[in-house]
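Colleague: Sequence:
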Amino acid sequence: MFISKRKHEPAHYMLKIESFSLLSEVKTSKIESDVFEACGHKWRLDLYANGNNEENGANHIALYVVICDSKSCPKGWESVASNVYETPNGTRYWTPIVPHGVKPVLKARFTTIEQAVAMYEEYAQLAGFGTRLGTSKKVKIGNEVITTRRYVLCSRAPVNKHKHKETNPDDIDSTSPSRRSNVKVTDCKACVKFRRIKKSTDYEIYGFVEEHNHGFTSPENLDLSLKRRKLDFSTQEFIAKCRNANLGPTKSHKVHVAIKGGHHNVHGTVVDYKNCGRDIRDFIGDRDAQMIIDKFKARSENKVNYTFDTHIDDMELQLIFWCDGVSKLNYEAFGDVLAFDATYHTNMFHEDETTWGFDKLISLESFMEGKNGYLFDDSCVFGAEVFEVPEFTQVDRCLSLKKPPATIHSWTINKVSAVTEDEVHSEVFKVGKVKWKLSLFPKGLNSVKDTHLSIFLNIHYTAAFPNDWNVYAKFKIRVKSQATENDIEKETNNWFSNSVDSSGFPTIMTLSQLNDSENGFLLNDNLTVEVEILGMGVLKYFV
DNA sequence: TTCACGACGGTTATTTCCCT
DNA sequence: AGGGAAATAACCGTCGTGAA
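For the first sequence, my numbering assigns the number 1 to the initial residue and increments by one for each residue that follows.
In case anyone wonders, no lab produced these hints; they're calculated from the structure.
Be aware that one or more of the hints could be misleading.
[Unchecked claim] Think about it this way: if two alpha-carbon atoms lie no more than 20 Å apart in a straight line, the pair counts; the simulated DMTMM-like pairs of lysine to aspartate or glutamate are: (1) Lys230 to Asp279; (2) Lys437 to Asp450; (3) Lys107 to Asp272; (4) Lys437 to Glu530; (5) Lys474 to Glu489; (6) Lys241 to Asp272.
Using the sequences plus the hints, can you model the full thing?
Modeller: Pasting the structure below:
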C-alpha cells in the first residue's frame, strides 16, 4: 500500500492503495492517512476497507474526511505546544507524536496477545515512554491457559504497595539511602487494553488512553530507556570474553564503547555490565566446575587406565589431577611427570593459564603432599614438565548466563487417542533465558513406529541466538503414571545447537506399556509428561 | 608508599508480574 | 485496586593491582 501526497498546490491529497484485496485479510478496521493541510486546516482521510460496522456500513467501503486541527485536543482543552495540552483546571497532558500507522487504534485486531503487546511497546519506544504489563485475565480451557484480557501501562503508572523511600520518611531506622531510579512514578493513566474477541482467537484494542501526564524521553536519550538497555546476547558474550581476559565489567564497557564508537552505540550502562558480569560469575561459580568433573568422570569411565581425582575445600574445587594410561606408561619408563593441572581456583580456563606459573607449581606440590600415596608419590620429580592439555580446554569456553532455576515443566495431552498427528508439540517454556519445548510421537518415531512412544526435548530457536552458540542441558523426561508411583523416567544430557536442536528418547517406553491400563499412564485418555532441566550451560566453541 | 581505579561478592530497594 | 512474590537494578564495603 502506498500513501502518496502531492507536493504542490493545490492541496489535493491522494490515498493510493495497492493490493486492495489484501486489505480484507488485514484485520485493521480503519486506515488513517497522513494529515494534510488545505485551506488553513489539517485533514485526514479515514478508510474503512472492510466497512464501518459501527455505522451499519458492513460490506461497504467507508471513506471519511476528518478535520484534525482539534482532533487530539478534547473539548475545553487548550493547546500549549504541538502535543501538549492543558485542561481547564490547569493540568497538562502530553500526547506522543509518532509516525503514521504506529498509534494504537480502537478495535485494531491482533492474532496473538504477544503481537498486541509488541505493538504497544513499539509505539512506546517511538513515543519515548516505557511500558509494563498490567492486569491480565486468564481462563483455563482444558490444559491450555488463554489470556482474555490484558492491560499494558505506561511505566510511570502508579505502583501499588511499596512506598518509595523518599516518599516514606517513616523508614528512619533504615540506613541505606534511597535508590536512584530511572522510572519516576507520576500516576500516569496512559494505557492500552486488549481483550479476546468472542468466538474468535483474535484480540482487539478496547481501551486506549493516549494522554500522559509527563513529557517524553527525547529521541537522543531513548537508548537509555530500560528496554533498550537490555544487553543482547553478543554483548553478554563480549563481557564474558573480557572476563576471560581478566578484564572486568567496567573496563569491558569502556572497551566496548571505544570499539563501537560511542556510548550511544552500546546498549547498557556500566551498571548493567557489572550486573551482567556478576550473573556470569554466579553461574560459573558452582556450575562449570561440575561440568568439568562430569567430563572427567565420563572420560575415566571410558578410557583405559585413566586416573582422575579432585581436591575440594569448602565446597570449592581447588585442584584437579588427571593422568591417562599413556602418561603412566611414560612415567614408568622415564620417571617424568607428564601431565597435571594443579589449579582450578579461578573456576575458569584461560588461554594464559595453559602455561603454568610458579605459583601453580606450589599448588601442585601441596596437592601432592596432601595426597601422599597417590599415583605419584613425594618422590616424583618436577623437573620435566610436558603438558597434556585436555582437548576441552583447547576448544571450549565454559561461560553462561543464568543459573537455571530448578524447574519441572509439566505437559498434559488430552484425548491422546484422538491425536492424529505423528508429532505433537508442547507450548514453549523458558528456563533461564533459553526457550524449550517438548515433542512427542504418540505412535513412535520412524524406526520404532507402532512399537514405542518417543519423546524429545527441543530447543526453541530464536534469532537472538547466534549460530555458533550451543546450549548444554542435562535433563530428565518423565512419563507420569496417574494411578501408580511407577513413573517412567530417563535422564540424559545433550549439547543443543542449530544443527542439533533436539534430544531425547525414541524408545522411552513401549506402546503396550503405555496402553496397559494397569500402569495408569493413560487415565481418562490424558497423558502427562514432565521434563526437569537439571543443569544448563552455554558454551562457545573456541578455535 | 600512596592513590585511584575497578573487581568482587553481597545486599536490598524498586519494579514487574500475576492473582484475587 | 490491592496484595504477594519474583525479578531486577542500583548500590556498598573491601580488597587487589598498577601507576605515580
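Colleague: If a hint holds in the structure, say so; if it doesn't, say that too.
Modeller: How the hints compare with the structure:
Note on Lys230 and Asp279: the hinted pairing holds, with a Cα-Cα distance of about 14 Å set against a maximum of 20 Å. Among the hinted pairs, Lys437 with Asp450 is inconsistent with the structure: their alpha-carbon atoms are about 23 Å apart, more than 20 Å. Taking the CA atoms of Lys107 and Asp272, the gap is near 39 Å; set against the 20 Å cutoff, the hint is violated. The suggested pairing of Lys437 with Glu530 holds, with an alpha-carbon distance near 11 Å, which does not exceed 20 Å.
Restraint check for Lys474 and Glu489: satisfied, since their Cα atoms lie roughly 13 Å apart, inside the 20 Å limit. A hinted pair counts as satisfied when its Cα atoms are at most 20 Å apart, and Lys241 with Asp272 qualifies at roughly 16 Å.
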